[in-house]
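If you read the sequences in order, they're chains A and B. Residues in the first sequence are numbered consecutively from 31, following my numbering. Residues in the second sequence are numbered consecutively from 48, following my numbering.
Accuracy of the hints is not assured; some may be wrong.
As a list, the in silico DSS-like pairs of lysine-lysine whose alpha-carbon atoms are at most 25 Å apart [to be verified]:
(1) B:K412 / B:K85
(2) B:K220 / A:K40
(3) A:K199 / B:K346
Some but not every residue of chain A turned toward chain B, in silico, with C-beta under 10 Å [unchecked claim]:
(4) G87
(5) E94
(6) E98
(7) A165
(8) P168
(9) Q170
(10) L203
(11) R207
(12) A210
(13) K214
(14) I215
(15) F217
(16) P218
(17) I219
Residues of chain A clear of chain B, computed beta-carbon distances all greater than 12 Å [claimed, not checked]:
(18) G50
(19) D109
(20) A280
It is worth saying that the hints were derived from the structure and are not from the lab. Remember, predicted model here, so these are calculated numbers, not experimental data. Each residue gets a CB set at the ideal place from its N, CA and C atoms; glycine is no exception.
So you can see what is in the structure, the chains are spelled out below.
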Amino acid sequence: MKWQSVETRKGTRCRVLEGGSGAPLVFFHSAGGLLRDNPFLEQLAQRHHVFAPEWPGYGDSTGEELLEDMLDFALHGWDLVDALGLRRPHLVGHSMGGMIAAEMACLAPRDLDKLVLVAPAGLWFDELPIPDIFALLPFQLAELLFHDPQKGQALLTGGADLSDIEALKDFYLASQRRLAMAGKILFPIPNRRLSKRLYRLAAKTLIVWGAADRLIVPAYAARWQALIPTARVQTIEDASHMLPYERPDAFVAAVQEFLAS
Amino acid sequence: MKFTWFNLMPWPYLPDDFREKHRSVWVDIPNTLYDPQKGHHVYHTYLDQLEYAESLGFDGIGCNEHHQNGYGLMPSPNLIAATLSRRTSRAALCVIGNSIAGYNPPIRVAEEFAMLDVISGGRLIAGFPVGTSMDTNFCYGQIPALTRDKYREAHELIMKAWASEEPFAFDGKYNQLRWVNCWPKPIQKPHPPIYIPGGGSIETWDFCLDHDYNYSYLSFFGYLRGKSLLDGYWERVAKRGKDESPYRAAFAQIICVADTDEEAERLYAEHCLYFFNRCLHIFPPFADPPGYRTMATVKYGALSQLTQARQKILENLTWKQLIEERFVIAGSPETVRQQLEECIKGLHIGHLFCLFHNGNMPDWKTRHSSKLFAEKVMPRLRDLWPDWKHDERWWMHPMDDRLRPEERRPGVEKAREEWPR
Numbered sequence: 031m032k033w034q035s036v037e038t039r040k041g042t043r044c045r046v047l048e049g050g051s052g053a054p055l056v057f058f059h060s061a062g063g064l065l066r067d068n069p070f071l072e073q074l075a076q077r078h079h080v081f082a083p084e085w086p087g088y089g090d091s092t093g094e095e096l097l098e099d100m101l102d103f104a105l106h107g108w109d110l111v112d113a114l115g116l117r118r119p120h121l122v123g124h125s126m127g128g129m130i131a132a133e134m135a136c137l138a139p140r141d142l143d144k145l146v147l148v149a150p151a152g153l154w155f156d157e158l159p160i161p162d163i164f165a166l167l168p169f170q171l172a173e174l175l176f177h178d179p180q181k182g183q184a185l186l187t188g189g190a191d192l193s194d195i196e197a198l199k200d201f202y203l204a205s206q207r208r209l210a211m212a213g214k215i216l217f218p219i220p221n222r223r224l225s226k227r228l229y230r231l232a233a234k235t236l237i238v239w240g241a242a243d244r245l246i247v248p249a250y251a252a253r254w255q256a257l258i259p260t261a262r263v264q265t266i267e268d269a270s271h272m273l274p275y276e277r278p279d280a281f282v283a284a285v286q287e288f289l290a291s
Numbered sequence: 048m049k050f051t052w053f054n055l056m057p058w059p060y061l062p063d064d065f066r067e068k069h070r071s072v073w074v075d076i077p078n079t080l081y082d083p084q085k086g087h088h089v090y091h092t093y094l095d096q097l098e099y100a101e102s103l104g105f106d107g108i109g110c111n112e113h114h115q116n117g118y119g120l121m122p123s124p125n126l127i128a129a130t131l132s133r134r135t136s137r138a139a140l141c142v143i144g145n146s147i148a149g150y151n152p153p154i155r156v157a158e159e160f161a162m163l164d165v166i167s168g169g170r171l172i173a174g175f176p177v178g179t180s181m182d183t184n185f186c187y188g189q190i191p192a193l194t195r196d197k198y199r200e201a202h203e204l205i206m207k208a209w210a211s212e213e214p215f216a217f218d219g220k221y222n223q224l225r226w227v228n229c230w231p232k233p234i235q236k237p238h239p240p241i242y243i244p245g246g247g248s249i250e251t252w253d254f255c256l257d258h259d260y261n262y263s264y265l266s267f268f269g270y271l272r273g274k275s276l277l278d279g280y281w282e283r284v285a286k287r288g289k290d291e292s293p294y295r296a297a298f299a300q301i302i303c304v305a306d307t308d309e310e311a312e313r314l315y316a317e318h319c320l321y322f323f324n325r326c327l328h329i330f331p332p333f334a335d336p337p338g339y340r341t342m343a344t345v346k347y348g349a350l351s352q353l354t355q356a357r358q359k360i361l362e363n364l365t366w367k368q369l370i371e372e373r374f375v376i377a378g379s380p381e382t383v384r385q386q387l388e389e390c391i392k393g394l395h396i397g398h399l400f401c402l403f404h405n406g407n408m409p410d411w412k413t414r415h416s417s418k419l420f421a422e423k424v425m426p427r428l429r430d431l432w433p434d435w436k437h438d439e440r441w442w443m444h445p446m447d448d449r450l451r452p453e454e455r456r457p458g459v460e461k462a463r464e465e466w467p468r
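Only chain B is shown next, with the shape it has when bound in the complex (with noise of 0.2 Å):
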């Protein structure tokens, strides 16, 4: 099993009214609610975290894209990972990663995730969303019903880009570049590993499957709700004659660690119940515009995870709902191996995101909750998939003598440094 720490850095001052005041954390939130000086705390707290999740023993630390939101305070991941690239020197950077029906041109994200790969040495995970519609539609003015066309575009300019040797001329729909030559190129061959972070659109599987890469199933409803989903996509696996590795697929919980189960009550629940009473308050029709979902997905009956009938969900939320339904697993070392367990294994999963930091969590319960898990319960998870020990396929390959800046400060002693040969 691969664990990467992920941290969505949401907003922990939306007030307690924020529900009733405001229809939305995403798209029109009152920009005043963000405070900029608190913001400078906000966000060196949490990229101390990400530190701090190498430093405990995490394979990957992991950001993502939104925008003009009270949920996640990421606009641009790359900027978070390129911070993280300069203090890390072990965790894969997993950017999961850029919208890239949003970039105009999308080879920007080409030369960014390769200068990414090349300033950590190797170790970047580089996924490709779609973008939630909030994100991609309502923020970046994308039009629905071609979106999925832009975004398979953007895609093949992408994967072109870092493939080929020579320059090239690109005469896409979306997309005309005369000259596509990417400087820098990434150091993974052929490519970093490519993660597709999929809500519930049944074309991404095909996608997934057509170039070997990792699907990445980003819920918050825990893997009770998940599991129809994923075995949809196994039996998708099955039937395209893809091997069963359990790496395929990627899939995004919500954990809480404590000494007992009550002690995971007592520090975490406030904190998870901000998450998903105020951090997802979407107001639905920016979750779901007509053209957004293929007709194939809306027929097939995936629901959105953001959807009005998932908003129902959220309604006078409890903490014992939020345990029971495996929103949250949370509880002693041995309670949230057991379900972890049951999780991966039910799901068939390699690779697990971990969200220890929920909502208004106070930095030292993250790291309490992130202490434990890595000590008590990691440990003890890492051996589930013996007979994919050694499938790294959807994992990073750095450079072995990469350098660890993080452990020195440049000073005189460099200064009669030559370049490498």
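If we strip away everything but chain A, and leave its shape as in the complex, we get (with noise of 0.2 Å):
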């Protein structure tokens, strides 16, 4: 895999991680970015042509103030597409990616090829109160995100030797940012009435959840089902909501038997 950078015609700057042949994949990360260690992306390019882009506010990636909205996030991707120029990719998306994903597919359903919503965010219901990711001190958010939280947090600091007060700034000024933009989406609900629109979704689309999925427990697939009725819902045990980097062989094995079929 190799980074990319790709300028959308409406101004933003995005790194895009590109690896490997066939066709074209695109996977969008969650509100945490693109995690340092994603072998799961590597897997998926052995039989795909994969880009994962940044989303501006993440990383390298620059132009977070020309997004304002779910609109303004879900035409970037498209943007992004083009700027890639790929042809009706597949799309898979992460949580807050796998909103963006599913709002693409409404706004455009003939643009795409398969979908894959991977815990995806953006339903909200009553019931099932979503905890606030914006309030969270930091030791909280491992426990939520991963099955094996120790494991998690070593993946979330990517490294980071954080008793190292400059290299602590450094994270923490990057976490601000890219939860700043998060919010524009997901604060302080994260439902920007997708539910509406789902009827328009014509792709084929999966649906994967990790069992123990403590952030968007997995009574949110159902609902989701429910709005999609065409689409497959798959489980997978011992992962919580960072599924693909808590569990990278089989989430890979259920995205590729999914596009293979």
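Both chains are given apart, each in its own frame, so use the hints to dock them into the complex.
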């Protein structure tokens, strides 16, 4: 996999991790961004031409001030597809990325091939409240996101030594910048009325969920399926919300089986 | 110098084990801790104190806006100011202020502030805070990264509504109003003095200077810690080529006056500690959600007064620490005078928001402290800025022939009065 940089017509500049060959597949990351260790992308790239863009406000990608609401976000997704010169890619979106991918698929239902939603955000049911990720102490995040919080903590920090004050400061700044951006579509409640538009969705859809997801509980999978009747739901054991990072083998197998079918 | 008597209006019945049992005094504090019948007495006690402050000769009386919390019981400061407008007639009504990013549509603020200015005879000081993140983001649901942009637009709408003499259309990003036509309009022209309360956002400085608004640094951590921030502000003032009138800036300070220093500790220590230990006990993530402060401010390192680092300061606080670090200025009239002079000159401020009621302080102590201050301290601090004696740019300009409704009850003698011409 290697990094490249693209500029969208709107004027954002995004870094994209690219690799492999085959049918194009675009992976949209979650609110925390692409973690440093992401073996599942390499594995997906064994059968597909994988593109994993970093959203404006994440890493070296810039132009976050140009995107303010859900429509801006979804159109940016398509602007990226255009900038990369792709035709009818598969869209795979994780959490916030799933919310964006689903919105893209409702806006332009014939412009994608298949859709994979990995523990997507975007729906809200009062009886299943989602914890407020904007009101967490740092140590609470890993507990919520990972089946094994200790391993998760290491994945989240990407090997940075947070006892070093400068490293801590950098980590804090980057994290504030990422979540400030995510807040535009997730704060205070991660629901921008996508449910009203899901009837438009035409792509074959797979919904993948970690059986131990503590952030968006697996009961949400059934709610998504009720709104996308043709979708298939697959649950993966021993994984929480960060399942692509927690169980890359099982995750990639599920995705590849679906895309091949 | 101008002195404003400010009441935060905390809930005085937070239990002794509040810190241990609850994570936050704000946002998700159990509302079963609130007792409306006790609340009746609390509001009237606090309102009486504000009225009393006018009779002591304070220049202004002040209130502010906070939501879902035990720290300050004024979700609507305009209601508080409205009661004061009928029961006072001399002091400025300092509403510091309405968190305008949370109002939909913000024209409501233009209207209510105009009502207050008219009812009070032109005594309103209008504050426009961004609002704490607890209030604006977590309680009122505004998106942190867009809050400042929404604030900017709300400010533009309100000022235009006050200035315009004709109905106009406002096509904003957050507010679309085909007909904006402010009725009533404020007495003070072109508008009431505007105060911008800032925590530590450096963008606020330029905003104040662009419009010649007062910059109010509201901290509970005293002038020693406030100095670096205000030094930054004054540097900016100089760089922008503005004059150095101390009335461009205000500062909030907890003050406790007694006959002697020892007496001050005996009378006030527990109440100040109640304030710091319980009223400022805020779950840190509520105080600093991503996007609430701009990246420039985050990088500048000006910590919001309620972030985690500040929370650390609050652990195991003692009276000695409160005094030594000047979080609280307390003692005999002479001690208080000396330290306040240092504070006022050091920060170069013309307005002092004086906090005499703190935490669960009973009424009599609050009045005792305020009275001693008014009689023995205030007169000796009045003329610290002789060069700016006549600078009234940041103070109220009331009507000369305003009514004094507190002095009489309307009765039959009014039955035949006609409208004044």
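Going down the list of hints, with the structure as the test:
Using a Cα cut-off of 25 Å, the hinted pair K412 of chain B and K85 of chain B holds, with the two alpha carbons roughly 19 Å apart. Restraint check: the Cα-Cα separation between K220 of chain B and K40 of chain A comes to about 19 Å, which is no more than 25 Å; the hinted pair holds. The suggested pairing of K199 of chain A with K346 of chain B holds, with an alpha-carbon distance near 9 Å, which does not exceed 25 Å. Interface restraint check: G87 of chain A against chain B, minimum CB-CB distance 9 Å, threshold 10 Å, status holds.
The beta carbon of E94 of chain A comes within 8 Å of a beta carbon in chain B, closer than 10 Å, and the hint placing it at the interface holds. Taken as an interface hint, E98 of chain A checks out: its beta carbon lies about 7 Å from the nearest beta carbon of chain B, inside 10 Å. Nearest Cβ of chain B to the Cβ of A165 of chain A: about 4 Å, under the 10 Å cut. The hint holds. Of the supplied interface hints, the one on P168 of chain A holds, with its beta-carbon coming within about 9 Å of a beta-carbon of chain B, less than 10 Å.
Look at Q170 of chain A: its Cβ gets to within about 9 Å of chain B, closer than 10 Å, so that hint holds up. This hint holds: L203 of chain A has a C-beta 6 Å from the nearest C-beta of chain B, less than the 10 Å allowed. Contact between R207 of chain A and chain B, as hinted, is supported at the beta carbon level, the nearest pair being about 6 Å apart and thus within 10 Å. For A210 of chain A, the interface hint holds, the least distance from its beta-carbon to any beta-carbon of chain B being 3 Å, beneath 10 Å.
Interface hint at K214 of chain A: satisfied, since its Cβ lies 6 Å from the closest Cβ of chain B, which is below the 10 Å cut-off. This hint holds: I215 of chain A has a C-beta 9 Å from the nearest C-beta of chain B, less than the 10 Å allowed. For F217 of chain A, the shortest C-beta to C-beta distance to chain B is roughly 5 Å, which falls under 10 Å, so the interface hint holds. About 5 Å separates the beta-carbon of P218 of chain A from the nearest beta-carbon of chain B, less than 10 Å, and the hint is met.
The beta carbon of I219 of chain A is positioned within 10 Å of a beta carbon in chain B (closest approach about 8 Å), and the interface hint is therefore held. Non-interface call for G50 of chain A relative to chain B: holds, since the shortest CB-CB distance, roughly 33 Å, exceeds 12 Å. No Cβ of chain B comes within 12 Å of the Cβ of D109 of chain A; the nearest lies about 20 Å off, and the non-interface call holds. Non-interface call for A280 of chain A relative to chain B: holds, since the shortest CB-CB distance, roughly 31 Å, exceeds 12 Å.
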